[in-house]
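So the protein sequences, as listed, match chains B and U. Numbered according to our numbering, the first sequence spans residues 618 to 953. Numbered according to our numbering, the second sequence spans residues 618 to 953.
The hints are simulated quantities; they were obtained by calculation from the structure and are not laboratory data. Do not rely on the hints blindly, as some may be mistaken.
[As the list claims (entries may be wrong)] Think about it this way: if two alpha-carbon atoms lie no more than 20 Å apart in a straight line, the pair counts; the simulated EDC-like pairs of lysine to aspartate or glutamate are:
no., chain 1, residue 1, chain 2, residue 2
1, U, K732, U, D905
2, U, K657, U, E645
3, U, K802, B, D763
4, B, K750, U, E861
5, U, K802, B, E686
6, U, K918, U, D665
7, U, K918, U, E645
8, B, K802, U, E686
9, B, K781, B, E641
10, U, K916, U, E660
11, B, K732, B, E686
12, B, K868, B, E857
13, B, K750, U, D937
14, U, K918, U, E680
15, U, K786, U, E942
16, B, K765, U, D763
17, B, K918, B, E641
18, B, K802, B, E767
19, B, K707, B, D905
20, U, K732, U, E944
21, U, K750, B, D905
22, B, K750, U, E857
23, B, K815, B, E686
24, U, K785, U, E942
25, U, K750, B, E861
26, U, K916, U, D696
27, U, K750, U, E686
28, B, K802, U, D665
29, B, K786, B, D820
30, U, K670, U, E686
31, B, K781, B, D820
32, U, K916, U, D820
33, U, K765, B, D763
34, U, K750, B, E853
35, U, K738, U, E861
36, B, K738, B, E641
[Stated by the list, open to error] Non-contacting residues of chain B with respect to chain U, defined by C-beta distances greater than 12 Å in every case (computed):
no., residue
37, T651
38, D665
39, D674
40, E680
We treat Cβ as the ideally placed atom computed from N, Cα and C, and that holds for glycine.
There are 2 protein chains.
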Amino acid sequence: MIRIALDGMGGDFAPQATVQGAVEAVREYGYHVTLVGQPKLLETQLADLRFRKSLIDIAPATETVGMGESALMIRHKKDSSICVGMELIKQGRVNAFVSCGNTGAVVAAATLNLKPLPGVKRPGIAILLPTLKGVTLVIDVGATIDAKPEHLLQYAVMGVVYSKHILKKPRPTVSLLNIGEEATKGTSLLREAYQVLKESSLDFTGNIEGRDIFSGRADVIVCDGFIGNVVLKVCESLAETTVEFCMRELKRSLLTRVGALLCRPALTSLAREVDYSECGGAPLLGIDGICIIGHGASKPKAIKNALGVAGHFVRYKVNDHIVHEIESIKADTHEV
Amino acid sequence: MIRIALDGMGGDFAPQATVQGAVEAVREYGYHVTLVGQPKLLETQLADLRFRKSLIDIAPATETVGMGESALMIRHKKDSSICVGMELIKQGRVNAFVSCGNTGAVVAAATLNLKPLPGVKRPGIAILLPTLKGVTLVIDVGATIDAKPEHLLQYAVMGVVYSKHILKKPRPTVSLLNIGEEATKGTSLLREAYQVLKESSLDFTGNIEGRDIFSGRADVIVCDGFIGNVVLKVCESLAETTVEFCMRELKRSLLTRVGALLCRPALTSLAREVDYSECGGAPLLGIDGICIIGHGASKPKAIKNALGVAGHFVRYKVNDHIVHEIESIKADTHEV
Numbered sequence: 618m619i620r621i622a623l624d625g626m627g628g629d630f631a632p633q634a635t636v637q638g639a640v641e642a643v644r645e646y647g648y649h650v651t652l653v654g655q656p657k658l659l660e661t662q663l664a665d666l667r668f669r670k671s672l673i674d675i676a677p678a679t680e681t682v683g684m685g686e687s688a689l690m691i692r693h694k695k696d697s698s699i700c701v702g703m704e705l706i707k708q709g710r711v712n713a714f715v716s717c718g719n720t721g722a723v724v725a726a727a728t729l730n731l732k733p734l735p736g737v738k739r740p741g742i743a744i745l746l747p748t749l750k751g752v753t754l755v756i757d758v759g760a761t762i763d764a765k766p767e768h769l770l771q772y773a774v775m776g777v778v779y780s781k782h783i784l785k786k787p788r789p790t791v792s793l794l795n796i797g798e799e800a801t802k803g804t805s806l807l808r809e810a811y812q813v814l815k816e817s818s819l820d821f822t823g824n825i826e827g828r829d830i831f832s833g834r835a836d837v838i839v840c841d842g843f844i845g846n847v848v849l850k851v852c853e854s855l856a857e858t859t860v861e862f863c864m865r866e867l868k869r870s871l872l873t874r875v876g877a878l879l880c881r882p883a884l885t886s887l888a889r890e891v892d893y894s895e896c897g898g899a900p901l902l903g904i905d906g907i908c909i910i911g912h913g914a915s916k917p918k919a920i921k922n923a924l925g926v927a928g929h930f931v932r933y934k935v936n937d938h939i940v941h942e943i944e945s946i947k948a949d950t951h952e953v
Numbered sequence: 618m619i620r621i622a623l624d625g626m627g628g629d630f631a632p633q634a635t636v637q638g639a640v641e642a643v644r645e646y647g648y649h650v651t652l653v654g655q656p657k658l659l660e661t662q663l664a665d666l667r668f669r670k671s672l673i674d675i676a677p678a679t680e681t682v683g684m685g686e687s688a689l690m691i692r693h694k695k696d697s698s699i700c701v702g703m704e705l706i707k708q709g710r711v712n713a714f715v716s717c718g719n720t721g722a723v724v725a726a727a728t729l730n731l732k733p734l735p736g737v738k739r740p741g742i743a744i745l746l747p748t749l750k751g752v753t754l755v756i757d758v759g760a761t762i763d764a765k766p767e768h769l770l771q772y773a774v775m776g777v778v779y780s781k782h783i784l785k786k787p788r789p790t791v792s793l794l795n796i797g798e799e800a801t802k803g804t805s806l807l808r809e810a811y812q813v814l815k816e817s818s819l820d821f822t823g824n825i826e827g828r829d830i831f832s833g834r835a836d837v838i839v840c841d842g843f844i845g846n847v848v849l850k851v852c853e854s855l856a857e858t859t860v861e862f863c864m865r866e867l868k869r870s871l872l873t874r875v876g877a878l879l880c881r882p883a884l885t886s887l888a889r890e891v892d893y894s895e896c897g898g899a900p901l902l903g904i905d906g907i908c909i910i911g912h913g914a915s916k917p918k919a920i921k922n923a924l925g926v927a928g929h930f931v932r933y934k935v936n937d938h939i940v941h942e943i944e945s946i947k948a949d950t951h952e953v
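Isolated chain B (complex conformation) (with noise of 0.2 Å):
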């Protein structure tokens, strides 16, 4: 059976959502699940939901890392939500872990608490972004802020895998984020990647401008984590910015605004669609364990689906799949 660790107090809505939003994975996909956290309150949350008691378990940690505080609290908060779901990993206690709380102290607490997987180098924080052909991955988000070329690399393996195994496209392609299409385009490091990324088998079709990314004409995009961090929160505001504006200039006139009226249930349930958090969390590629870390302002739904893409993970042994990738894509490269 797969056996999920949720962090109950992760996000902006625990642990209600949490709680609620285990209870659905458990009655929607069968697994078992471990909510870590504060025992009282997450007894209290769960006294209100029916569910089969013999799938759901509460792993107790006194204390909790919030949203706004350094990633490097980790270190003094070993018995933090976060940390004991390391734990429950690297026990072999659980297969998984699910977070929707501070995604810096997650990765913190991930690559103190667990190996990398044998070949990677740098783990990458993966988002899955809507695009107007399906989604498209996007990676790193912000495990990583000094990339190398081979870094990049391998960024594109994992998410070619994930691809492949989770999203089930049959060949992904493979895109790296710079200011132009020409190889001689943007930083020293994207030069150096695009020949690396040029060379490898993977089925790399060049530079992608930014504003490309919503076109859906690459499977896997391939950044920074830096520029990747910026790139995710920009769209995330911009797409909330937007539909604000839309509203704004639906009310203008009497004849949009009964328009608006006819059309709110729409725009409500378009800026679900565009929030990342509704494709099932964003994973940490690259470690030995499996951490999917969900969106601060997760709903249940979207805690469910993180719980769901979880399991997916380890049905198809995703890791292993990225471990033997890693392995051949060194063979091709002869050592990068």
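Fit chain U to the supplied structure of chain B, relying on the hints for placement.
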């Protein structure tokens, strides 16, 4: 009288849109406009329009630089409309040059033909983004991709001068685009730039994350040209994508389809509002000459706006203020 040269051949809708925009600017502002480009094409367009002939003339240029061509082509196209426009500034025959052509080529031509302003180390492209509270200036969005902390300080100074004198903001605040609010976040460039900005006499409010760009919290956002360029292109495409998602979502039921019909004009005008070209183009700051880069997709109104901004730039002596402020910040920071 203010005399402005306009690249008649630049942009997706040239020469129709450029000639039309020039005529509208002449009518609205009374500036003299010199259209630069192939005389026959420009004359044909002009023939159909009513305008005061004394206020428009043509400077011949036989070559054009395509939107997709490498910026370096400018070295081989001395008789392109972009190079001839720069030459007109250099000879003092016009006060400013506006182009909606290839951005890289315009920057390269400006750098080759014009000197930097006294004290300025690197020019920077500034753009204006619409936010929930008015516009925010972002600098640099692509002139320089290997910026140093002192360049970012100078971008801040130039952005503040522009915001004061063109946007009429009395005391513009400055923020640094980063992946977190703490001074220790981001690359070494950003950590150093944070200190340099903090010690300056500018109204520096610290780091700003991508998610806050559209809040309107900062008047001037400083970043290096690589990240700025990626953000700009993501913004352009995401706004369009969101509107497209909107329309798609709205078509799902009969009720929202009726709503969508009523809303269509508003959504179309929204797409324009989010389009930064409506704000009057992107000034290239820090060069000894005035150069405004319009969006490639500029329609006549956007071109007229860019010509309007160029005129304000002349009238309010923005470059004199930049030289003065760069000098005084140097004194402040003991020759950073």
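Status of the hints after comparison with the structure:
no.	hint	result
1	K732(U) x D905(U)	holds (5 Å)
2	K657(U) x E645(U)	violated (25 Å)
3	K802(U) x D763(B)	holds (12 Å)
4	K750(B) x E861(U)	holds (12 Å)
5	K802(U) x E686(B)	holds (13 Å)
6	K918(U) x D665(U)	holds (18 Å)
7	K918(U) x E645(U)	holds (11 Å)
8	K802(B) x E686(U)	holds (13 Å)
9	K781(B) x E641(B)	violated (27 Å)
10	K916(U) x E660(U)	holds (19 Å)
11	K732(B) x E686(B)	violated (24 Å)
12	K868(B) x E857(B)	holds (17 Å)
13	K750(B) x D937(U)	violated (49 Å)
14	K918(U) x E680(U)	violated (25 Å)
15	K786(U) x E942(U)	holds (16 Å)
16	K765(B) x D763(U)	holds (16 Å)
17	K918(B) x E641(B)	holds (8 Å)
18	K802(B) x E767(B)	holds (18 Å)
19	K707(B) x D905(B)	holds (9 Å)
20	K732(U) x E944(U)	holds (17 Å)
21	K750(U) x D905(B)	violated (46 Å)
22	K750(B) x E857(U)	holds (14 Å)
23	K815(B) x E686(B)	violated (40 Å)
24	K785(U) x E942(U)	holds (16 Å)
25	K750(U) x E861(B)	holds (12 Å)
26	K916(U) x D696(U)	violated (25 Å)
27	K750(U) x E686(U)	violated (37 Å)
28	K802(B) x D665(U)	violated (42 Å)
29	K786(B) x D820(B)	holds (13 Å)
30	K670(U) x E686(U)	violated (34 Å)
31	K781(B) x D820(B)	holds (13 Å)
32	K916(U) x D820(U)	violated (36 Å)
33	K765(U) x D763(B)	holds (16 Å)
34	K750(U) x E853(B)	holds (18 Å)
35	K738(U) x E861(U)	violated (42 Å)
36	K738(B) x E641(B)	violated (36 Å)
37	T651	holds (30 Å)
38	D665	holds (33 Å)
39	D674	holds (35 Å)
40	E680	holds (21 Å)
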